[in-house]
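Peer 1: Here are the chains, one letter per residue:
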Amino acid sequence: MINSGDTAWVLISSALVLLMTPGLAFFYGGMVRRKNVLSVLMQCFIIMCVLSIQWVIFGYSLSFAPSKGFWGGFAWLGLNGVGFEPYADYAGTIPHQAFMIFQAMFAVITPALIIGAFAERMKFSAFLVFTLLWATFVYDPLCHWVWGMGGWLRNMGALDFAGGTVVHINAGIAALVTAIVLGRRANLEKNVPAPHNMPFVVLGTALLWFGWFGFNAGSALAANGLAVNAFVVTHTAAASAGLSWALIEWVRNGKPTIFGVCSGAVAGLVAITPAAGFVSVVPAIIIGLLVSVFCFIAVTVIKPLLGYDDSLDAFGVHCVGGIWGALATGLFASKLVNPAGANGLFFGNPKQLFIQLATVIVTIVYTVAVTLIIYKLVDLFIGVRVDEKSEVMGLDLTQHHERAYTVLE
Amino acid sequence: MKLVIAIIQPFKLEEVKEELYNSEINLITVTEVLGHGRQKGITEVYRGAKETGNLLRKVRLEIAVNDNYLEPTIRAIIKGAKTGETGDGKIFVLDLAECVRIRTQERGSIAIG
Numbered sequence: 001m002i003n004s005g006d007t008a009w010v011l012i013s014s015a016l017v018l019l020m021t022p023g024l025a026f027f028y029g030g031m032v033r034r035k036n037v038l039s040v041l042m043q044c045f046i047i048m049c050v051l052s053i054q055w056v057i058f059g060y061s062l063s064f065a066p067s068k069g070f071w072g073g074f075a076w077l078g079l080n081g082v083g084f085e086p087y088a089d090y091a092g093t094i095p096h097q098a099f100m101i102f103q104a105m106f107a108v109i110t111p112a113l114i115i116g117a118f119a120e121r122m123k124f125s126a127f128l129v130f131t132l133l134w135a136t137f138v139y140d141p142l143c144h145w146v147w148g149m150g151g152w153l154r155n156m157g158a159l160d161f162a163g164g165t166v167v168h169i170n171a172g173i174a175a176l177v178t179a180i181v182l183g184r185r186a187n188l189e190k191n192v193p194a195p196h197n198m199p200f201v202v203l204g205t206a207l208l209w210f211g212w213f214g215f216n217a218g219s220a221l222a223a224n225g226l227a228v229n230a231f232v233v234t235h236t237a238a239a240s241a242g243l244s245w246a247l248i249e250w251v252r253n254g255k256p257t258i259f260g261v262c263s264g265a266v267a268g269l270v271a272i273t274p275a276a277g278f279v280s281v282v283p284a285i286i287i288g289l290l291v292s293v294f295c296f297i298a299v300t301v302i303k304p305l306l307g308y309d310d311s312l313d314a315f316g317v318h319c320v321g322g323i324w325g326a327l328a329t330g331l332f333a334s335k336l337v338n339p340a341g342a343n344g345l346f347f348g349n350p351k352q353l354f355i356q357l358a359t360v361i362v363t364i365v366y367t368v369a370v371t372l373i374i375y376k377l378v379d380l381f382i383g384v385r386v387d388e389k390s391e392v393m394g395l396d397l398t399q400h401h402e403r404a405y406t407v408l409e
Numbered sequence: 001m002k003l004v005i006a007i008i009q010p011f012k013l014e015e016v017k018e019e020l021y022n023s024e025i026n027l028i029t030v031t032e033v034l035g036h037g038r039q040k041g042i043t044e045v046y047r048g049a050k051e052t053g054n055l056l057r058k059v060r061l062e063i064a065v066n067d068n069y070l071e072p073t074i075r076a077i078i079k080g081a082k083t084g085e086t087g088d089g090k091i092f093v094l095d096l097a098e099c100v101r102i103r104t105q106e107r108g109s110i111a112i113g
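Residue numbers (the working numbering), protein chains in the order written: chain A, 1 to 409; chain B, 1 to 113.
Take the hints with a grain of salt, since some may be wrong.
Straight-line C-alpha distance at most 30 Å; calculated DSS-like pairs for lysine-lysine [claimed, not checked]:
id, chain 1, residue 1, chain 2, residue 2
1, A, K190, B, K90
2, B, K90, B, K17
3, A, K389, B, K90
Hints listed in this document are in silico derivations from the structure and should not be mistaken for laboratory results. Since the model is a prediction, treat every value here as computed from it, not as a measurement.
Can you make the complete structure from the sequences, with help from the hints?
Peer 2: Structure (structure tokens):
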């Protein structure tokens, strides 16, 4: 039975989630040097084009067609059978295609998150092939396991409300893999790159925060109390994490920065994503306050210590924040918030924490392995990294023959 | 007194600054400029419209030195800026007629350091 309020909310949420990808483009684009800003915007925008098409042709079928196998299979190729009647196993009150297009936006933004790790040094052609293969062989199967009918992690009882595992841990760990195998950017030691446009970072964060209401509250797939809960805890966690990152900087470095508040807010949004439909507002504050501690340590202590060049901290924010969110869901989840969910450790069910932990480990193992294989294949046939001269001149000029800013007029 | 003007690759600025600092040359002025020599400009395309021979971004350093500091300055710039590729830049040396420190109105060699 189609409910017009639910349908309207899911359509609006789909548009909100779409806006997160350009938001991410500005968030990342502000952080790179100005010779590379267009390359980052381009990578984000072309993902919107390529993966939107992949999704309607076969991505949605591989992810969501009912199956107990590795993939969802090919039953819904080209949206065959995906019409305007509800598909009750996923969402009983909205047209099936509304669910499909909502999920499309998740499939778009997930590979875009990885851009942060290989920014400023990846060949555009290699990036395109890598992204298409990664979406097909990493995102689509994992999406099926966690969310699809018959998916084995779903059947095991894993809780992932809006994509902490499928989106953030998944993209974040793939980011670490690509950062390590691609190697550090040239001249990094002598020429520490400063973000070229901090207002872009702020603008991008604002768009992400705004779009995230669709990401999390939209994942209720209905305009109901659960959506409101997700909306409230999402906002609260982002606020707590932004504040907490600024306080950490103030104590440790002497001054709080806008870059810190933005990093914190995004980390908070990441961490609350798996938990948004299962926890109440006080746990949301705790999740937000603590995620900044973990991510701050990851990007300012662990990264320099190990020496990998995760250019824009896709791993440090999305994977680390995502793991904390997945585990926190196993701690704070409560059936009082969502009777269809489960209780966490603090509500008398320690088993849930182990299920969450197992899901995190499965995701990391699978994604690391397949990402590595895809990377090596692309490197073999195309070559992933640009030559050093192109890297020095910047990807905008050498990959796209454009530049973002003129010097004279 | 000499005025040293150097045109270098933008990404080499930090290394040149470090080398100058190691040679105790601390007073430099930096501007961003456009230009090209043998390393030809790159073609840009905007909605199909080609713009060829576009100028490349470079960094221009100006350093006023006393004569005994001239060679160390040149050596430091070369050490910091050289990659061996075309486009590494040039160093120009000019005679400097006068130098005045505005705060004290000191003139000549004493005003440079």
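Peer 1: Hint numbers the structure violates, sorted upward?
Peer 2: Hints that this structure does not satisfy do not exist here, as all of them hold.
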